[in-house]
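Undergrad: Read off the chains here:
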Amino acid sequence: MPIEVDGKTFETDEEGYLANINDWVPGVATVMAAEDELDLSDEHWDIINFLRDYYEEYQIAPAVRVLTKAVGKKLGKDKGNSKYLYGLFPYGPGKQACRYAGLPKPTGCV
Amino acid sequence: MADLYTVNKSPFEKNSLEQAIRFSADGASILLIEDGVYGAMAGTAAEGLVKGASGRKFFALRSDVKARGISEDRLIDGVELVDYAGFVDLVESTDKVQAWL
Amino acid sequence: MSEIKKFMYLNRRAPYGTIYAWESLEVVLIGAAFDQEVSLMFVDDGVFQLVKGSDTSESDMKNFLPTYRTLGDYGVRHMFVDQASLEARGLTTDDLIQVEWEDWETEEEVDNIVEAVDADKFKELMAESDVVFSF
Numbered sequence: 001m002p003i004e005v006d007g008k009t010f011e012t013d014e015e016g017y018l019a020n021i022n023d024w025v026p027g028v029a030t031v032m033a034a035e036d037e038l039d040l041s042d043e044h045w046d047i048i049n050f051l052r053d054y055y056e057e058y059q060i061a062p063a064v065r066v067l068t069k070a071v072g073k074k075l076g077k078d079k080g081n082s083k084y085l086y087g088l089f090p091y092g093p094g095k096q097a098c099r100y101a102g103l104p105k106p107t108g109c110v
Numbered sequence: 111m112a113d114l115y116t117v118n119k120s121p122f123e124k125n126s127l128e129q130a131i132r133f134s135a136d137g138a139s140i141l142l143i144e145d146g147v148y149g150a151m152a153g154t155a156a157e158g159l160v161k162g163a164s165g166r167k168f169f170a171l172r173s174d175v176k177a178r179g180i181s182e183d184r185l186i187d188g189v190e191l192v193d194y195a196g197f198v199d200l201v202e203s204t205d206k207v208q209a210w211l
Numbered sequence: 212m213s214e215i216k217k218f219m220y221l222n223r224r225a226p227y228g229t230i231y232a233w234e235s236l237e238v239v240l241i242g243a244a245f246d247q248e249v250s251l252m253f254v255d256d257g258v259f260q261l262v263k264g265s266d267t268s269e270s271d272m273k274n275f276l277p278t279y280r281t282l283g284d285y286g287v288r289h290m291f292v293d294q295a296s297l298e299a300r301g302l303t304t305d306d307l308i309q310v311e312w313e314d315w316e317t318e319e320e321v322d323n324i325v326e327a328v329d330a331d332k333f334k335e336l337m338a339e340s341d342v343v344f345s346f
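Protein chains in written order, with my numbering: chain Z, 1 to 110; chain W, 111 to 211; chain X, 212 to 346.
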């Protein structure tokens with residue numbers, strides 16, 4: 001199902017992940033979140049931006065375990081735990097946050 | 111006119127390059143593509159294949175060379191880099207193309 | 212299933228020309244979800260997988276060289292490279308990427324887990340491994 005952001009259409013795959021990561025604009029995350037009835041806070045954006053940086057550097061979406069540890073290191077220990085991340089992204093920080101960030105589904109996620 | 115031979119296998123893994131050289135006529139062009147570009151690297155155990163083949167002109171596809179992190183100064187002297195357009199030119203300027211897989 | 216096993220991934224193919232290198236990397240990334248002691252070994256054309264400076268911008272292929280650099284975060288403790296395979300290809304470890312490793316609990320750090328080894332050491336490593344995956 002393609003999504004509509006500011007009058008522009010973005011292709012997605014059958015699971016709702018953006019077809020082309022380079023197409024991403026912040027509005028993609030806002031629209032995807034709205035479909036999940038979620039308002040994105042600064043805390044959500046911290047994770048989304050973190051994921052985009054991670055992908056830029058390593059060319060993959062991190063596994064949840066790696067994401068949790070890396071967030072703890074970068075954004076502080078209080079945020080580097082699954083309780084905090086699942087609080088922000090109830091469908092799973094790997095899947096949901098990666099989708100908002102325009103990344104592919106994390107390798108190993110089923 | 112001479113023929114164009116393409117080689118897409120690493121010379122360390124298969125003997126495609128060796129055979130392409132062996133069975134090609136004098137004046138043939140040999141284009142290294144994909145893993146075949148490793149045959150264009152200087153200072154390797156396989157460099158003798160290209161260096162020892164007289165009467166053959168060697169080319170390597172630039173995009174495949176770059177993808178493999180081989181810098182130009184590591185190529186055997188005389189190997190010419192071509193882009194996709196150069197590949198097409200080679201095909202056009204030779205009698206026929208034969209792939210050594 | 213609490214027993215920690217030693218997993219060895221044996222990589223013998225060049226990247227890009229075939230799918231083996233990427234497949235191996237994906238299996239390592241997926242396998243990291245299990246607590247095992249993971250080492251990677253690069254032999255023959257497999258050593259080409261770690262050569263720095265890969266640029267796939269003109270070839271319409273995903274450049275997965277940067278992904279190797281995150282393997283330390285995925286619990287990979289060692290990346291061994293066969294010295295003889297390097298030499299046959301005119302390469303030294305200076306031509307290869309470096310991969311950092313850090314224990315997140317103890318903050319113990321290793322600057323580079325990529326290490327060239329000779330055949331004797333390699334034999335030892337193979338003998339010590341509980342499982343060897345070949346790619």
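It should be emphasised that the hints constitute simulated quantities derived from the structure, not laboratory data. Quantities reported herein were computed from a predicted structural model and do not represent experimental measurements. Careful: at least some of the hints might be erroneous.
If we take Cβ atoms under 7 angstroms as the criterion, some of the chain X residues that face chain Z in the derived model are [to be verified]: (1) W233; (2) E234; (3) E237.
Below, in silico cross-link-like pairs of lysine-lysine (DSS-like), each with a Cα-Cα straight-line distance of 27 angstroms or less [to be verified]: (4) X:K217 x Z:K69; (5) Z:K95 x Z:K83; (6) W:K124 x X:K263; (7) W:K176 x X:K334; (8) Z:K95 x Z:K73; (9) Z:K8 x Z:K69; (10) X:K334 x Z:K69; (11) Z:K105 x X:K273; (12) W:K124 x X:K216; (13) X:K217 x W:K161; (14) W:K206 x W:K161; (15) W:K167 x W:K206; (16) X:K273 x Z:K69; (17) W:K176 x X:K217; (18) Z:K74 x Z:K95; (19) Z:K69 x Z:K105.
Don't be surprised by glycine CBs; every beta carbon is placed ideally from N, CA and C.
Undergrad: Work down the list of hints and note, for each, if the structure agrees.
TA: Hints, verified against the model:
{"no.": "1", "hint": "W233", "result": "violated (11 angstroms)"}
{"no.": "2", "hint": "E234", "result": "violated (11 angstroms)"}
{"no.": "3", "hint": "E237", "result": "holds (6 angstroms)"}
{"no.": "4", "hint": "X:K217 x Z:K69", "result": "holds (23 angstroms)"}
{"no.": "5", "hint": "Z:K95 x Z:K83", "result": "holds (15 angstroms)"}
{"no.": "6", "hint": "W:K124 x X:K263", "result": "holds (24 angstroms)"}
{"no.": "7", "hint": "W:K176 x X:K334", "result": "violated (34 angstroms)"}
{"no.": "8", "hint": "Z:K95 x Z:K73", "result": "holds (21 angstroms)"}
{"no.": "9", "hint": "Z:K8 x Z:K69", "result": "violated (36 angstroms)"}
{"no.": "10", "hint": "X:K334 x Z:K69", "result": "violated (34 angstroms)"}
{"no.": "11", "hint": "Z:K105 x X:K273", "result": "holds (16 angstroms)"}
{"no.": "12", "hint": "W:K124 x X:K216", "result": "violated (35 angstroms)"}
{"no.": "13", "hint": "X:K217 x W:K161", "result": "violated (44 angstroms)"}
{"no.": "14", "hint": "W:K206 x W:K161", "result": "holds (24 angstroms)"}
{"no.": "15", "hint": "W:K167 x W:K206", "result": "holds (15 angstroms)"}
{"no.": "16", "hint": "X:K273 x Z:K69", "result": "holds (26 angstroms)"}
{"no.": "17", "hint": "W:K176 x X:K217", "result": "violated (35 angstroms)"}
{"no.": "18", "hint": "Z:K74 x Z:K95", "result": "holds (20 angstroms)"}
{"no.": "19", "hint": "Z:K69 x Z:K105", "result": "holds (18 angstroms)"}
Hints 1, 2, 7, 9, 10, 12, 13 and 17, counting from the list given before, are not met by this structure.
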